Amino acid sequence: MYDVAIIGAGIIGSFISRELSKYDLKTVLLEKDNDVSNGTTKANSAIIHAGYDALFKTNKGKFNALGNPMFDKVCKELDVPFKRIGSYVVAYNEKEIKTLKELFKNGKKLGIPDMEIINGDELRKREPNLSDEIVAGLYAKTAGIVGPFELCIALCENAVENGVELLLNYEVNNIEKTKSGFKITSNEKSIEAKYVINCAGVYADEINNMVNKSKFKITPRRGQYYLLDKSANGLVNSVIFQCPNEMGKGVLVTPTVHGNILVGPNSEDIMDKEGTQTTSNSLKFVKESASKSIKNIPFNEVITTFSGLRAEPTGGDFIIEESDTEGFINVAGIKSPGLSASPAIAEHVVEIIKEINDGLKENKDFNPIRKEMVRFSELDDQKKAELIKKDERYGRIICRCENVTEGEIVDVINRLVGARTVDGVKRRTRPGMGRCQGGFCGPRVVEILARELGKSVEEIVKSNKESYIITEETKGDIDYDKKEKKLALS
1467 MYDVAIIGAG
1477 IIGSFISREL
1487 SKYDLKTVLL
1497 EKDNDVSNGT
1507 TKANSAIIHA
1517 GYDALFKTNK
1527 GKFNALGNPM
1537 FDKVCKELDV
1547 PFKRIGSYVV
1557 AYNEKEIKTL
1567 KELFKNGKKL
1577 GIPDMEIING
1587 DELRKREPNL
1597 SDEIVAGLYA
1607 KTAGIVGPFE
1617 LCIALCENAV
1627 ENGVELLLNY
1637 EVNNIEKTKS
1647 GFKITSNEKS
1657 IEAKYVINCA
1667 GVYADEINNM
1677 VNKSKFKITP
1687 RRGQYYLLDK
1697 SANGLVNSVI
1707 FQCPNEMGKG
1717 VLVTPTVHGN
1727 ILVGPNSEDI
1737 MDKEGTQTTS
1747 NSLKFVKESA
1757 SKSIKNIPFN
1767 EVITTFSGLR
1777 AEPTGGDFII
1787 EESDTEGFIN
1797 VAGIKSPGLS
1807 ASPAIAEHVV
1817 EIIKEINDGL
1827 KENKDFNPIR
1837 KEMVRFSELD
1847 DQKKAELIKK
1857 DERYGRIICR
1867 CENVTEGEIV
1877 DVINRLVGAR
1887 TVDGVKRRTR
1897 PGMGRCQGGF
1907 CGPRVVEILA
1917 RELGKSVEEI
1927 VKSNKESYII
1937 TEETKGDIDY
1947 DKKEKKLALS
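The opening position of the sequence shown corresponds to residue 1467 in the working numbering, with each subsequent residue numbered one higher.
Note that these hints are calculated values from the structure, not bench results.
Just so you know, these numbers come straight off a predicted model, no measurement behind them.
In this text, a Cβ means the ideal position worked out from N, Cα and C, and glycines have one as well.
In silico DSSO-like pairs for lysine-lysine, Cα to Cα no more than 30 Å straight-line:
no., residue 1, residue 2
1, K1931, K1649
2, K1498, K1508
3, K1492, K1827
4, K1837, K1542
5, K1758, K1591
6, K1492, K1820
7, K1574, K1607
8, K1561, K1758
9, K1820, K1679
10, K1508, K1549
11, K1645, K1488
12, K1643, K1681
13, K1820, K1830
14, K1758, K1571
15, K1561, K1761
16, K1498, K1931
17, K1753, K1696
18, K1498, K1645
19, K1750, K1739
FRET-style restraints, in silico, Cβ to Cβ:
no., residue 1, residue 2, range
20, K1643, R1901, 46 to 56 Å
21, E1925, D1587, 51 to 61 Å
22, V1923, S1746, 30 to 40 Å
23, D1846, M1737, 49 to 59 Å
24, A1916, F1522, 47 to 57 Å
25, E1924, L1845, 31 to 41 Å
26, K1571, M1737, 32 to 42 Å
Given only the sequences and the hints, what does the whole structure look like? Please build it.
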């Protein structure tokens, strides 16, 4: 019997698991996929919002304002890339200037610091590639950018190091309320837990509806993006938003923590909870919309397009509460600014557990520091030489676009919550993230995964369980004489 079962190893479930690892609890984190960070967390705008947009007296507003200042400390502890680069919401006319003033006023109510409204000329001094049509902008100094999947992976690593159990490939099919808590079933396997925390993203409604009389609906809201090569770095220095509307914050242009430029998303409600395909019409819309804000976007430098799904709840606000079934806590509908709010949400959920459990005993052995990542390309020549002397695998470059070594790949495979897929390696140490998108390094990564995991190359997948890369060998131990005779007789 576990004390707490968390369903969903995205950014919310992972933050909660780490927060719970600070206490003397038997906690399990359940994930339906073969890796953490496989849903919304892997495909979003990667922005830590300042917090002026979400309305005062909403969960979104409250937890964004509380969460933003927490990122400096947690990213330092977990060795995750994070930069405060500021953001601008731009306006093209008097109506939109009025929107800027409303956002500023809302931000002040929420206690958001370091905001100012500036005119178009001053804006273009700071961001020379802004459109000449822009007349004003709301600047927020505290906005930042982060590596969301890197953060999620780091949170899980640290949680597991501090005693949390992670069960991958555990897709919840049924939840049954028992006298002592809950029975949570996945196919023919089941576990029991005293409390359940539902962090299942776009599937949170289905998880809730398994056990609660009070139902809600989650609609997948798809956003599509362009990712530009690092050669476009410098196009903008801060996050550039358009004025928000009922569907979201508009199409943005932002640097990433790794030096790329991200353009998007659009916003479209769909029915398919796995509908992450891109479409020509939506990408055309993103391109045209972004070009209204930023001049000379080098779309010839696009290296990939992708889409992600946001969990849009019926009422619009985050659902963070104990449900009508005692001990079952919903953390659902966590769309934007969910990433920004996630550390504060985690603290709040732990407070809910404390309240219904009559307190929690601290884990005296809790260690907040995650083992540092090796980032070979960021080292000076002396440190590179020292590292190669210790382990020659750091002297073999596997990914030329991102300068990733064999040593780094081996490290992320063998760490706690290690990579088991090609995309898992990519999200941890970036081979396949560059201009060639894995065209050169992909086969080498497959070989290294197979070697380190003791598997055949045919067993290695790109991302999900069925995304096999290699079907069968064409050379090797096949007896072609026997094969030809068999074909001749058939």
